[in-house]
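Using the sequences and the hints given, assemble the complete structure.
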Amino acid sequence: MAVFDRGYRGYDGPLTQPWSRFLVIARYAVRDVFASKVFIGFSVLSLIWPLALVGIIYLKYNVEALTILDLSTLDLIPIDTTFFRLGFLRPQTAFAFVMILIVGPALVSPDLRNNALPLYLSRPLDKSDYVLGKLVVLATLTSAVTWVPGLLLFALQSYLAGGRWLLDHWRIPLALFVGSWIFILVLSLFSLAVSAWVKWKPWARIAFLGAIFVFSAIGQIFKLIYGTWWGSLLVVDDLMVRVWDHLFGIESSQQIPALVAWIALAIFGAFSAWLLFRRIRAFEVVS
Amino acid sequence: MSTAEASAVTTSRKGGLHPADSLPHGAGLWRAQVRALLQLELRKALLGRRSLIAYGLAGLPVFVMLVLMVAKRPGGAPVFESLDEARTVFSIIYQTFILRAVVFFGCVGVFTNLFRGEILDRSLHYYFLSPVRREVLVVGKYLSGVALTSILFVGTVVVCFLMLYPPFGLSRAVDDLLGGGGLGQLGAYVGVTLLACLGYGAVFLIVGLLFKNPILPAGAVLGWELIHFLLPPFLKRFSVIHYLKGMIPVPMSEGPFAVVSDPPPAIVSVIGLIVFAILVMVAASLRVRSMEIRYGDD
Amino acid sequence: MSRDPVGASATGPAVVEDASSAGAAARPGVALGPNLSLRPNISLRNVSKFYGDVLGVNRVDLEIGPGITGLVGPNGSGKTTLMNLIAGLIRPTQGELEVLGIGPNRPEELFREVGYCTSFDSFPRGLTGRQFIVDYLRVHGYPRRQARELTELALERVRLVESADRKVAAYSKGMRQRIKLAQALAHQPRVLVLDEPLNGLDPVARVEILDLFRQLATEGLYVLISSHILHEVDILSDRVILISHGYIVAEGEIHGVRSEVTERPMQIFVRCDHPETLAAAVFAQDGASEVQMHDDRQGLLLRTRDAERFFALMERLVLEGKVSVEAMGPADEDVQAVYMYLVGDEGVA
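Chains as they are written, first to last, in the numbering used here: chain A, 1 to 287; chain B, 1 to 298; chain C, 1 to 349.
Accuracy of the hints is not assured; some may be wrong.
What the hints assert, rightly or not - Calculated lysine to any residue pairs in the SDA-like style (CA-CA distance at most 20 Å, straight line):
#1 B:212 / A:33
#2 B:72 / A:220
#3 C:322 / C:305
#4 A:199 / B:251
#5 A:199 / B:231
#6 B:212 / A:114
#7 A:199 / B:175
#8 B:212 / A:220
Stated by the list, open to error - Partial chain B-side listing against chain A, Cβ under 7 Å, derived:
#9 91
#10 101
#11 108
#12 215
Treat the hints as calculated values from the structure; they're not laboratory data. All C-beta atoms in this analysis are idealised placements derived from N, C-alpha and C, irrespective of residue type, glycine included.
Here it is, written out as structure tokens:
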């Protein structure tokens, strides 16, 4: 008769709530990201422009300061939808793009390269938790430079300009929030998908930037040669611009219909998510 | 061969002769080593799964040309209505897509990883343990990168250029290629592509050696090359595209905001880029000479 | 440059009492002058390697002759750094190092003489085992035909000929170890540096590879092997280098090292007909610190600080016919025991 001497006891203490477990992945990933001084420096840099815009809004409503500083030209800058759409969202999403470029492709590839996925998924975590954890990292970082400062800026302007201005521009916060999230989700999912398929960090970053740039170039060629909007279907930037303009309710420089742009971005995001989930699995296929 | 025989051969070196004693010395040895490096690097690069991205990149312009051949303009007119128009279209594709996107990103991928890739794969020590001068290693690896990108992208250019002709028939194609300047244009595009591989290759060879994360400097170089047309003439000299532009057979307008300056003569471009590549290799050799194997946790 | 191997010269035992004074200690039988040893052995004099603020190895003085030398130490003790230094992969921060008279400033010559089987379980992508060896031999400068011949010899030695045309990526761990070994051997170096070469090998392959090492040693090669498996080091090499926290703790022939560990009583086992008599005599002589009787009461294990005095006692008792000895020998004169005494029990098997 075999005698099994069990010298250990399984953990029987309290467990965290299942819904919150993805935060563990996010927490460690964020810690790794902020271990880079370059990234910290870039994060600070990306907040300089919103601070400058805060200064502009503040000065615009401070006649005394404008006079003392002899900055009367600032008074000519209208604080309106275009200010938030072109003056804020456009440059800030550029910063967010670089953040996604730096962080996104490096999130999944090391786990795949080191065969860590079976370890992750052998915990009480499923594929969705894993992806959500990684997505939260990108969403947190990019939110901090897009819609969060955007809404603060809007709040400041509303406070200084009064309730009437707020009522007249009610679309701006909505457009800032939704527009930023569309940008964040679509590009984050794509960067994670690239990271999952290109196991190697430097290649993944190059592939992410290269794919967006190369397809944009193809789209621009088609637009130039055929003179139609359908080349824009390959240009993520064109699609984003059209959707943002639609959200802000302003005339767009892009000819592509808003509905088509919405659908194209949805398909792009869904395709990225499909690619990503295909690679996230708890086993290794030995070929 | 039995172990005993193997042992006997190994032991024979005790008598004095080592297999390496019969090897050439000096330049002869270095040539043999560069050849071996080229073959080994090309074998790894051409047959590896990682090369699929490069192949895909090289195939994209062909795909674009196919679309242009098949899909007509709104209204039903073909894109390649005349040979002149076809050449203009090709020039647009070449300058906006092949040169600035395909060749550029191909060179980023291939050259930044010549050394960085081996560090990440933890296989650089096999080279560092070989009796090969580090300078020879740099030259061998750089030439293998040039060979690989040239094979891929010159091939792409040739195929794409020849795809201009099918709508006009074989005899017209032969006439144009042999007597109408088509071959000359093709040669110019091939030459520019080779020089682009040489120039961008040198840039990204050193970027891969100096930076652990080459994407940011590569992005900066991309930005610099893209705003080249806005730069004052003095600064234009510090971009690769400046030396290539003058040799492109069908020039393209750079828009109303471009700062116009005369491109350098072809001979200056060729010599300039070769000298630049040599200088970069000297710098890369100095860097590689001081490298020690300490694989990080990448 | 002469390529004739130099005859073996067993370096005398040395236990470094004070690691900080290691640099000053000259080894018996080793002529160390300003130009290092006159013999073309592997010589390190006052060699240190720092990675920034992190110590790799510190003030190492070593003279390694032909034959098999075991390098033993816990994880992070500096074994790989020491091997990397000898193989020329890294350069010392300070000190002088020569391998067969070749310094690190002549790397091309050095790498013809050194074969290094590293602990990195990584290979260039996409190559078969045979291509891996042939292609890197060609980088040495060998023509294709000669590279192939050398490759076949190396593959034969590690018994990997049949699998040589498979991709290395598809190899088992043991096969990867063997192909690395073949690659290190292929250019017929005189110095073989092997970092944990037995990792992942199955028992049969282990025996074969151990035989190969012995054979290489008899051919006059300098074989430096690191291992965690003290038992294997014990049966493979008489000479060991014990390293801990970047310092050489001891080096030399194992029994010599053991005899210098005077603060630890030597353990001796004796199988005899009257162990009680022997025990009484030992205690009467006041030379033993501990005696343990074997369970069958046909022998004993004793610990003594004065082995010479004990052996004299034994001789007298046997001559007087008071005990009849069946077997006798040291019980702790192996790498395991010496390692435990000098380094402790971290990271060994």
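Hint by hint, here is what the structure shows:
Restraint check for residue 212 (chain B) and residue 33 (chain A): the C-alpha separation of about 15 Å stays at or below 20 Å, so the hint holds. Pair hint residue 72 (chain B) plus residue 220 (chain A) holds up; C-alpha atoms about 17 Å apart against a cutoff of 20 Å. The straight-line distance between the Cα atoms of residue 322 (chain C) and residue 305 (chain C) is roughly 23 Å, outside the 20 Å bound, and the hint therefore fails. A distance of roughly 40 Å separates the Cα atoms of residue 199 (chain A) and residue 251 (chain B); the hinted pair therefore is violated under the 20 Å criterion.
Straight-line distance between C-alpha atoms of residue 199 (chain A) and residue 231 (chain B) comes to about 38 Å, which puts the hinted pair past the 20 Å bound. This hinted pair checks out: residue 212 (chain B) and residue 114 (chain A) have alpha carbons roughly 19 Å apart, not beyond 20 Å. Taking the CA atoms of residue 199 (chain A) and residue 175 (chain B), the gap is about 49 Å. The hint is violated against a cut of 20 Å. Restraint check for residue 212 (chain B) and residue 220 (chain A): not satisfied, since their Cα atoms lie roughly 32 Å apart, outside the 20 Å limit.
The interface hint given for residue 91 (chain B) is violated, since its Cβ lies 11 Å from the closest Cβ of chain A, which is over the 7 Å cut-off. For residue 101 (chain B), the interface hint holds, since its Cβ comes within 7 Å of a Cβ in chain A; the closest pair sits about 4 Å apart. Interface hint at residue 108 (chain B): satisfied, since its Cβ lies 5 Å from the closest Cβ of chain A, which is below the 7 Å cut-off. Because the smallest distance between the Cβ of residue 215 (chain B) and any Cβ of chain A comes to about 4 Å, under 7 Å, the interface hint for this residue holds.
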